[in-house]
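**Student:** Going line by line, the protein sequences match chains A and B.
Numbering that gives the first Met the number 0 puts the first sequence at residues 0 to 241.
Numbering that gives the first Met the number 0 puts the second sequence at residues 0 to 326.
Rather than coming from a laboratory, the hints here were simulated on the basis of the structure.
A hint or two may mislead.
Here are the in silico distance ranges between beta carbons for each label pair [stated by the list, open to error]:
| hint | chain 1 | residue 1 | chain 2 | residue 2 | range |
| --- | --- | --- | --- | --- | --- |
| 1 | B | ARG322 | A | GLN214 | 25 to 33 Å |
| 2 | B | ILE113 | A | ASP106 | 46 to 54 Å |
| 3 | A | GLY15 | B | PRO295 | 57 to 65 Å |
| 4 | B | PRO208 | A | THR217 | 32 to 40 Å |
| 5 | A | ASP124 | B | VAL111 | 38 to 46 Å |
Rough simulated footprint, nothing fancy, chain B against chain A, three-plus residues with beta-carbon under 8 Å [claimed, not checked]:
| hint | segment |
| --- | --- |
| 6 | 60 to 74 |
| 7 | 96 to 105 |
| 8 | 210 to 222 |
All C-beta atoms, glycine included, are put in the ideal place defined by N, C-alpha and C.
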Amino acid sequence: MLTGGSVLAAQGLTLGTRLRDLSLSLEPGLLVAVVGPNGAGKSTLLQVLAGLLPAQGRIQWNGRELARIPFLERGRAMAWLGQESQAEFAFPVHEVVAQGRHAWGDDGRGVEAALAALDIGHLRDRPITQLSGGERRRVFLARALATGAPLQLWDEPTASLDVRHGLEVLKLAKGLTTGGATLLVSLHDLRTAFCFDRVLVLDQGALVGFGPPEQVLTPELIHAVFRVQARMAESLILELPS
Amino acid sequence: MKGRTFGAMAALSLLLLAAVLASLALGDLNLKPMEVLRALAGHGDDLARTVVWDIRLPRTLVGIAVGAGLAASGVAMQAFFRNALASPGLLGVSAGGALGAVAALTLGGAAVSIWTVPGASILGAFLATGAVVLLARRGASPEHLLLSGVALNAIFGAGTSFLLALSAGQFQVSGQILFWLMGGIENRTWEHVWIGLPPILLGCALMLPLGRPMNLLSLGEPSAQSLGVDVKRLRWQLIGLSTILTALATAVGGVVGFVGLVVPHLLRLAFGPDHRRLLPLSMLGGASLVLLCDLPTRFLPGGVRLGVMTALLGGPFLLWMLRRRPC
C-alpha cells in the first residue's frame, strides 16, 4: 500500500477502537472528503495523519516516514485545522495568521494573501477573543493557508460558517488542489462531498469506502453507514455568484 | 508596535531604576540619591557605606531576583495552562518550598547556618517539582496537572499547618515561621544574593527565547505542534524553568503571593499578549513591584510584610479582573 508516488500514505493505522487497521494512499492534487457518523474516527484519523496523535502503523509523507521528519519540517509540509477555535489570549488577527509562518522563520510571506482569501482583511487588528465563532474559524483557516503547506488536513472547516463563507472555503480548497496541494477535509454534509475528487467513508474506526463520490456514496452504503434512506432528487442549489 | 515595545521597555527600566534607588536610599537612615551613589562607589561616610553595601544592596538584589523570577514563572504558567489566572504557586512548588523551610525552622535549622532554611526550602520545592514531573512524564494534560497541583498544595499546606501548630509554644520559632510564610526580603545577606540572583537571572535568560513558541502554545497544543513547535520539549522547558524560578524565589524571599499572577496579567492588558514582549516586561515589572512593595514594610508596623503588601495589592486586583471577565 505504501507507494512512492503518493503524497500521503498510511498502512495498518490502529488506535484502540477509534481506528481499526486503516490503510490509504493519496496522489498529489486531490480534494478528499472524510465522512462518517459521529464517533466514526474522522477527527482521530486527521490527527493521526498529521502526527499529532500516536497510533500503531506506518505513515509516510512524500515517501518519508513521518516519525523521522523533524517538527519544523512538518510545519512546512503539512497544515492541520482542528475543530476547536477557542482563544484565551487577545492576539490580533494578523499575528495569529502570521503564526502560520513559524516553520519558515516568521518570514510573513503569504499572510496578507491568506487574510484576503478568507475575507478577514478588515478584522486584521481586532483581538481574536472578540470575534464570533465563524470569524475565528476563518482566522485559523487563514493561518493554515499561510503555511503554504502542500498537505492540508481540515477538520470540519465549514461547521460554523455562513452559507457564503462555507462555499468560498470549498472554492478555496479546490483552488489549492489545482496548485498541486492535497486536502483532506472532514464533513457532515454528504451533498457537499459530491463536489470533491474523492470521498473516504469511515464507520466505527474502519475505512468502508474510498473513491470518486458518485461511485462510493451509493444509497446502499449511506444506509449501511448512516442508517438513513438516500435518494436523488432536485433540491435548492446554493452557488457563489459567477 | 516596535516603538511602543521600546517605549514600554524604557519606561519599566526607568521604574526599576527608580525602585532600586529608593530601595537603597530609604529606611531608618534616609540617604539622598547622591549619597547612595557615593556609597556604592565606595566613598562617603562609613555608616552610609555599611548600610548600602551590607544591608540594602543585598535586600534590593534579592528583591529583584524574587520579583523577576516569580513574574517570569507566572508568564510561563499562564501560557502553559492557556489561562490568564494561572500563577507560579499553582503546581504546589511554593507550598513545597514553604514546607521545607518551615520544617527546617521547626528543627532549629535557622541557628545552624544561614544556608539551612533556603536549602531546605529548595529541597521542598524540588520534591514538589519531582512530583509534578512524575505526573507530567505520564503525559498528563494541563487540566490533570492543574488538579494535581491543587492536591499537592493541600498536602504541603497540611504539613505546614501541622508544624506550625507543633511549634505554637515556642514563640521564637513560631514567630520565625509566620514571618517566613508572609514573605519578606529584610535582613538578607550576600549569601542569599548568591543563592538567588545568578540562577534566577540565568533561568530568566533561558526563558526569553521561548516567547515565540509560547505564543503558538497559548492558542492550543496540537495546533502549535502542527505549525512546527516541539510541544513536548517546550512543555518540559516551561514546567522546568518556572518551577526552578519559583523554588529559588521562595527560598530567598519566603512565600510572596500575587506577583506571578498580577504582573503578567496587568502588562498583558496594557501591551498585548505577545510573549516576546511580555516576558522581558514582566521581569522588569515584577522586580519593580517587589521593591516598591518592600518600601512601606520598612516604615509600617512589623506585621506589614512583603507578602502582605503584594497580597493587599493583588487581592483587590484579582477581584477587579473577575468583575471584568465574567466566569
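**Student:** Now tell me if each hint is right for this structure.
**Tutor:** Comparing the hints with the structure gives:
no.	hint	verdict
1	B:ARG322 to A:GLN214: 25 to 33 Å	60 Å, violated
2	B:ILE113 to A:ASP106: 46 to 54 Å	53 Å, holds
3	A:GLY15 to B:PRO295: 57 to 65 Å	59 Å, holds
4	B:PRO208 to A:THR217: 32 to 40 Å	55 Å, violated
5	A:ASP124 to B:VAL111: 38 to 46 Å	59 Å, violated
6	60 to 74	holds (count 5)
7	96 to 105	holds (count 5)
8	210 to 222	violated (count 0)
Hint compliance for this structure: hints 1, 4, 5, 8 are broken, all remaining hints hold.
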